[in-house]
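Protein chains in written order, with numbering that gives the first Met the number 0: chain P, 0 to 357; chain Z, 0 to 295; chain A, 0 to 355.
Source of the hints: derived by calculation from the structure; they are not laboratory data. A couple of the hints might just be wrong.
Said to hold, decoys possible - Straight-line Cα separation of at most 30 Å, DSS-like style, residue types lysine-lysine; simulated pairs:
| id | chain 1 | residue 1 | chain 2 | residue 2 |
| --- | --- | --- | --- | --- |
| 1 | P | 120 | P | 107 |
| 2 | Z | 108 | P | 28 |
| 3 | Z | 108 | P | 60 |
| 4 | P | 323 | P | 151 |
Said to hold, decoys possible - To spell it out: a stretch of chain Z is covered by chain A in this simulated footprint if at least three of its residues, at any positions, have a beta carbon under 8 Å from a beta carbon of chain A; those stretches are:
| id | region |
| --- | --- |
| 5 | 80 to 88 |
| 6 | 142 to 149 |
| 7 | 160 to 174 |
Cβ coordinates follow ideal geometry from the N, Cα and C atoms, glycine included.
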Amino acid sequence: MKRRTLLGSAAALMAASTLPSFAQDEKLKIGFIYVGPVGDGGWTYQHDLARKAVEAEYGDKVETTFIESVPEGADAERALTQLALAGNKLIFATSFGFMDATVNVAKKFPDIKFEHATGYKRADNLATYDARFYEGRAVIGTIAGRMTKSNKIGYIGSFPIPEVVQGINSAYIHAKKVNPDVEMKVVWVYSWFDPAKEADAAAALIAEGVDVFMQHTDSTAPLAKAQEAGALGFGQASDMAAFAPSPRISSIVDNWAPYYIKRVGQVLDGSWQSQGVWLGIGDGEVVIGEITEAVPAEVKAEAEALKAQIASGEHHPFTGPLKKQDGSDWLAEGQKATDEELSGMNFYVEGITAPMPK
Amino acid sequence: MMIDPIAVFVLLLGAATPILFAALGELVVERAGVLNLGVEGMMIGGALAGFAAANATGSPAAGFVAAALAGAALSMIFALLTQFLLSNQVATGLALTLFGLGLTAMFGKPYEGVKAPPMMAGPLGLNLMIWLGLLMVPLVWWFLMRSRAGLVLRAVGENHDAAHGLGYPVRAVRIGAIAFGGAMAGLGGAYISIATVLQWTEGMTAGAGWIALAIVVFAQWNPWGALAGAWLFGGVTVLQLRLQAAGVAVPVQLLSMAPYLATIIVLVLISARQKFGRSGGGAAPGSLGRPFHALR
Amino acid sequence: MFRLEPRASAPLLWQVATPIMAVIATMIVGGLLFAALGFDPVASIRTIFWDPLFGPAASYSRPQLLVKAGPLILIAAGLSLGFRAGIWNIGAEGQYIIGGICGAAVALAAYPLEAFWIFPAMILAGALGGCAWGLIPAMLRNWFGASEILVSLMLVYVAQRIAAWMAFGPLKNPEGFNFPGSRNLQQYPAASNPELIANTGLHWGVIAAVLALAVTWFVMSRHMLGFHIRTAGAAPRAARFAGVRPERLVALCLGVSGALAGFAGLFEAAGPAGQITENFGSGYGFTAIIVAFLGRLHPLGILLAGLLLALTYIGGELAQMMLQLPAATVQVFQGMLLFFLLGFDLLTRYRIRRRA
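The shape of chain P in the complex, shown without the other chains (with noise of 0.2 Å):
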């Protein structure tokens, strides 16, 4: 597509209303599109929050703005274009669906760096992160191994997309582990958020003898029924701590502040380089949430201990001896799976019984 008109007049109006990024009077400023609002208790509250962490680390340095519940597609392109045009230096765009909005929009503004969350499109302007949210899944699920009487754990699914997969097939691999009896049970919301079915969901798993359930989706609905009803569950993107100490006996925490904040210096300091990076325990990224008094210490501990290999790298939760759910061979005794493969992954493994979603 011919946009060099367009490059032409974006570059024109660019040097008619930017100044140098590196002034050391002049504040970097740095903006973010959210898919959802901030307000949400989940994905986007955890991206403003690493937002505000940037701007108490850096104080009169930098000015943040963000726009909230931008939606997919041409109001995204607008969005990040408007940000670019009112002087934002860095600029954030938080879903996997901003993706060639962000593309389009680098390729105008060649001068203003991009990070783009979950994607996988880069450029020499446009970076990539994610989180190895699927760590943080073997932690919490060994500890929902260890807590089920019924031996029924669940998982609340939002779409079936890789990171999703990885996070169903890591709990489960690692809550069999430490009980061999367990079985997964899987519902798809078809939905990042909405509370009504998320707690439907939850009610299925639990009449399905479910007692201990994960969620892939961001409202607290799942927690809530499972007050109601006696079942444990975890946070999800953010720590959820008014459900603690019960249901909430731990979370998976997307803790972007520490990637933000790196990544604004390097922008102050001219370091910044496009790179794809996945994050994962180790760097910060996936914090394992408070594990409450309502886990016996010794589980606890078990986890930790885990957590611990993880960070490490000792440990990668998915190493072999590990096959398919249709038996075929997967990863051999002590092989690692690769990148590749987890952002590709579209399959059960072997012991999980629910059908995979065509």
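Following the hints, put chains Z and A in place on chain P, whose structure we already have.
Below, chains Z and A alone, put in the same frame as chain P:
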């Protein structure tokens, strides 16, 4: 892979209650000849108001009362525009939905992340609102079919000019119906925020108001049909989730289409019955959607 | 105390004045609302209504108005034909979705072929898809007397689920790491709908919108069909004597508005949106109903109303960015705008007289 039918039924009741309330309310409104597409806006208004009140007082009951009042208040905007200013009902209802969604999102910010007080359980472990919802079905039926006021309301809905000629206060009846519809929608919305999800988030009704509109049609404007419809629509969601949990492969999107297709089929059948001569209840009220203007 | 006397015809003065009054009233009440929430009312109103047109980055946001208004105007033009005749197509959202899916399907089937006929084929597919989806309520009304309002509304839900199914299944991008959503059509030159003149936001959909307005104007004011539509809307029984065949009119109006909505869907899918995702239907079909009413079902009015509504969208985004106004502002504004317009509209249809 045994699914306990009783357990599913209990889940179903919980899912059906909010849309049952809203549908019963809209049913009465439509029986009076008014089409209020603003159900979603009134539901979410009730969801926020109910949540806020329940939180402030610690009592879910207070929340539901507030929700009913909020829903009714929102519906009065619709009533003012359509009954006094004779505006187009379709457009006004849509505007109410937009307005309600936006207004609650704006005013609900302080309530995000806050927990609601727990619901009181009633007989058989089902909370009192579920029972109230079930109770409203025969009550609304009795009102519409056995009471004088209901007869007047239905007459107004069938033919507002004739009703006016007979001396019935068409506008007053309609305003009353609209208020009732608003209150019921508010209760339904509050159920979602206070009983199902126990939190507030913007847009949390997620289209329940539109489902309620579908149920009214499916029900052929009959309260017992609304009960069946609420169970059908609520049931489909609950059942597909339950089947998934049990490990059965369900084509989720196709299944979730089913209630709407069923509604269309029902609509066609009842309209056909009407058109091809076989009378007998179930048709849309004769004056549905048409503005009433008394020329005398 | 007051009596409403219907007017014989709507005076031009009031027809023009009421939308303006509605906008002003919305600004005032909206400003009060913002003040109640702790925002500066004047700055907020200015950011929403003035800045996109004349503010610092207006040279970018002005063309964006066209991008946003294009589909709204295109759909509203089609809707206005039916609405004038008393035929209520509430399902434009569904027709938009189906049109987008059909057009995209043609493109994806042809991928990666580069040929001149692909884009026209997509347009045709989009129109046929939307038209067919619109004809379902038409046929059900003609054959069974089923309300087209309710059937078309139900079909919106069905269309949304079909979009989700497509995004996850048949139309899913095979090179997309199993993420839902089709291939991005913006990157497939033969199938894409790019900006025709750089930086103007002008794409085929916008051109189609203007054409649709012109044709609608011509039909309504000069063509027999327009006469039939207006008569059917004003006096259904009299219309029969004027030669209107109601069933044909229903099919025509719903088919045409469905086709136009389908066009809009196709142009969006191949243009600004770029792909079919599970929430491809972004509400244009419903907003277009508001545009049609705000524009009082007249082509010129629809043009202005479409631009006005686009202004509220873009201004709302700007307000979020500059003033941290919540995203919900836009919906509140649009709702209020419509309320006020519907309220003031009374003045065009009725005279207010004191009861003697």
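Discussion item. Does residue 107(P) sit within 30 Å of residue 120(P), going by the straight-line distance between their CA atoms?
Written reply: Distance ~16 Å between residue 120(P) and residue 107(P) Cα, so the pair holds.
Fill in: 8 Å C-beta test of the region 80 to 88 of chain Z against chain A, three or more residues
holds (count 5)
Discussion item. Quick check: do three or more residues in the region 160 to 174 of chain Z have a beta carbon closer than 8 Å to a beta carbon of chain A?
Written reply: violated (count 0)
Discussion item. Holds or violated: residue 323(P) and residue 151(P), Cα atoms, limit 30 Å.
Written reply: 20 Å, holds
Worksheet item: Can the restraint linking residue 108(Z) and residue 28(P) be considered satisfied, given a maximum Cα separation of 30 Å?
Response: Roughly 26 Å separates the two Cα atoms, so the pair holds.
Worksheet item: Under a C-beta cut-off of less than 8 Å, do 3 or more residues of the region 142 to 149 of chain Z approach chain A closely enough to confirm the stated coverage?
Response: violated (count 0)
Discussion item. Hinted pair, alpha-carbon criterion (30 Å max): residue 108(Z), residue 60(P). Please report holds or violated.
Written reply: Holds: residue 108(Z) and residue 60(P) sit about 29 Å apart, inside 30 Å.
Violation of the numbered hints given earlier is confined to hints 6 and 7; the remaining hints are satisfied by the structure.
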